[in-house]
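Novice: Given next are the chains, with one letter for each unit.
Protein chains: 2
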Amino acid sequence: MAIEPVLVVGSVGLDKIHVPDGTFDSVVGGSATFASVAAGQFAPVRLVGIVGQDFPDSAVHTLLQRGVDLTGLEVAAGKTFHWEGRYSDDLSSRESLVTDLNTFADFHPRIPDRFTETPYVMLGNIAPELQLEVLDQVRSPKLVVADTMNFWIDIALADLKRVLARTDILVLNEEEARMLSGQHNVVKAAKDLQAMGPQRVVVKQGEYGALLFDGDDVFSAPALPLGDVKDPTGAGDSFAGGLIGFLASRDRIDPEALRQAVVFGSVMASYCVEAVGPEHLAQVNEAMVSERYGAFRSLVDFHRD
Amino acid sequence: MAIEPVLVVGSVGLDKIHVPDGTFDSVVGGSATFASVAAGQFAPVRLVGIVGQDFPDSAVHTLLQRGVDLTGLEVAAGKTFHWEGRYSDDLSSRESLVTDLNTFADFHPRIPDRFTETPYVMLGNIAPELQLEVLDQVRSPKLVVADTMNFWIDIALADLKRVLARTDILVLNEEEARMLSGQHNVVKAAKDLQAMGPQRVVVKQGEYGALLFDGDDVFSAPALPLGDVKDPTGAGDSFAGGLIGFLASRDRIDPEALRQAVVFGSVMASYCVEAVGPEHLAQVNEAMVSERYGAFRSLVDFHRD
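Residue numbers (numbering that gives the first Met the number 0), protein chains in the order written: chain A, 0 to 304; chain B, 0 to 304.
Hints are not guaranteed to be accurate.
In silico DSS-like links for lysine-lysine, alpha-carbon gap of 25 Å or less [unchecked claim]: (1) Lys78/B / Lys141/B; (2) Lys15/B / Lys78/B; (3) Lys187/B / Lys190/A; (4) Lys187/B / Lys229/A; (5) Lys15/A / Lys229/A; (6) Lys187/A / Lys229/B; (7) Lys229/A / Lys190/B; (8) Lys160/B / Lys141/B; (9) Lys160/A / Lys190/A; (10) Lys187/B / Lys160/B; (11) Lys141/A / Lys190/A; (12) Lys160/A / Lys187/A.
It should be emphasised that the hints constitute simulated quantities derived from the structure, not laboratory data.
All chains, please: the whole structure from these sequences, using the hints.
Specialist: Following this line, the structure appears as structure tokens:
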């Protein structure tokens, strides 16, 4: 079984996060960070992104320890992308307080030459225009997974549709699926999204799990009911990272592998939300993944032949 | 395998329902109606409730055809309980427009003598005071399943707690679980509810499925993603009815049977929402149940040993 590498392109940030447990400053974040740390559990990862000179060595160390190749991480003059957000007491909603693009404002992803043939490509949640720039640089990838968000649906729909036409698996949350399709019903929404390009659509439903629409087939993955959630930041990125990382580790994209990949994505998301920042997720190991994969199996098991 | 009977006590009504497909008047409804029709798929049902003289013969016929014993259905002078509600265009919320108690205002459940030893008892969503009256009339049931709603949590909490102390399985929706426990986190909410009496708590999550908390064990059942939902009225009652009906049909209350019962409840709920009123649900047969049970198995299947 050949383990293939994963190219992850997205944001890398330094966040300030207000959760019920307190306020945490200079927390390493961003879509590429969480996706890389999660995917790194399963396969070698090549991260492409940009940070400023304030990006901490400790975070670089965490990523390298996780086997993430940082050749494509540009360090530019200025400060790292910064986001500040406040979660509600029950963690069910959040408000963005500050978004400073900083060095990210002029970011144009440059895929290092030796990474342009990476077979598994994860387009993290960044401007569709930048996602297209990535697609123009990679050569015949086996699988393109793309994430997006409501913001881009609002202001960059035409570019986003161009991305979708070149995407194999679209990962987005329920509200985004509704916005993008104009359909409230999730089954109808997924059908419409599939018609825009991606044969597979994964609709994330937060604490309710995720639905995978694979052609006409539907798979429902639960979320693990957790009694103690610390910080949901990065859960969606960890999910997508775990999903593509698992597929790359098996170098398989068949229906069975896809269903398992959704569960491994859920496993990584479940570890992500147990702590603030990506360090807890970076410490996840094979035994922890196995244990929680077993918990997911037991969670949905109701019929033994 | 002995099939045991189920006693269902709750409301029987004539509703007016506004859904995107139109307005439907004099639709037979009520918690006992849907629970009985669903449970009747699996086991003999004994319904205890009250209607007025306007209750249609056709509805009586539907219930009898389903094997529901109506000895305990009182026909009183006056009109049947009436509810009118309007659903939002996407069916995600509803507004109660009219609630006329009519004959239900003076209802006190009288369990016919030959039904007082019914081993499986379903307390549909009615005033906790009336649920207690039922419990005072039945003799050592094997299993008591109770449903409730936000309204009773607000105005009859003390009585509701008395019901819970005598309940084996509490079925309620997520919002109600939060209200009753004061906990937002569903895992913590369920623990608190278990401490009030019921060893098992089923938290219904609508289109996301349901969680069964059985002691320390958790089971997550998905909902079937349906492209065409007509009317959610009665879905929760159909779920609870399918659940207790299945357990009675096997006369088993072990962990495996409970998990399967939650799925059979979900099967019945999925048929319920496909049409307005209980007639479609009343036409469900064993083949249809099997087919959809298979669909649930396939929906969550991700690992074969």
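Novice: With reference to the structure, classify each hint as holding or not holding.
Specialist: The hints, checked one at a time:
1. Lys78/B / Lys141/B: The hint is violated at about 35 Å.
2. Lys15/B / Lys78/B: holds, 14 Å
3. Lys187/B / Lys190/A: This hinted pair is violated, its Cα atoms lying about 36 Å apart.
4. Lys187/B / Lys229/A: holds, 14 Å
5. Lys15/A / Lys229/A: Within the cut-off at roughly 14 Å; holds.
6. Lys187/A / Lys229/B: It holds: about 14 Å lies between the C-alpha atoms, which stays within 25 Å.
7. Lys229/A / Lys190/B: holds, 19 Å
8. Lys160/B / Lys141/B: holds, 20 Å
9. Lys160/A / Lys190/A: Distance of about 15 Å is within 25 Å: holds.
10. Lys187/B / Lys160/B: OK: Lys187/B and Lys160/B at ~18 Å, within 25 Å.
11. Lys141/A / Lys190/A: This hinted pair holds, its Cα atoms lying about 23 Å apart.
12. Lys160/A / Lys187/A: Cα-Cα ~18 Å, so holds.
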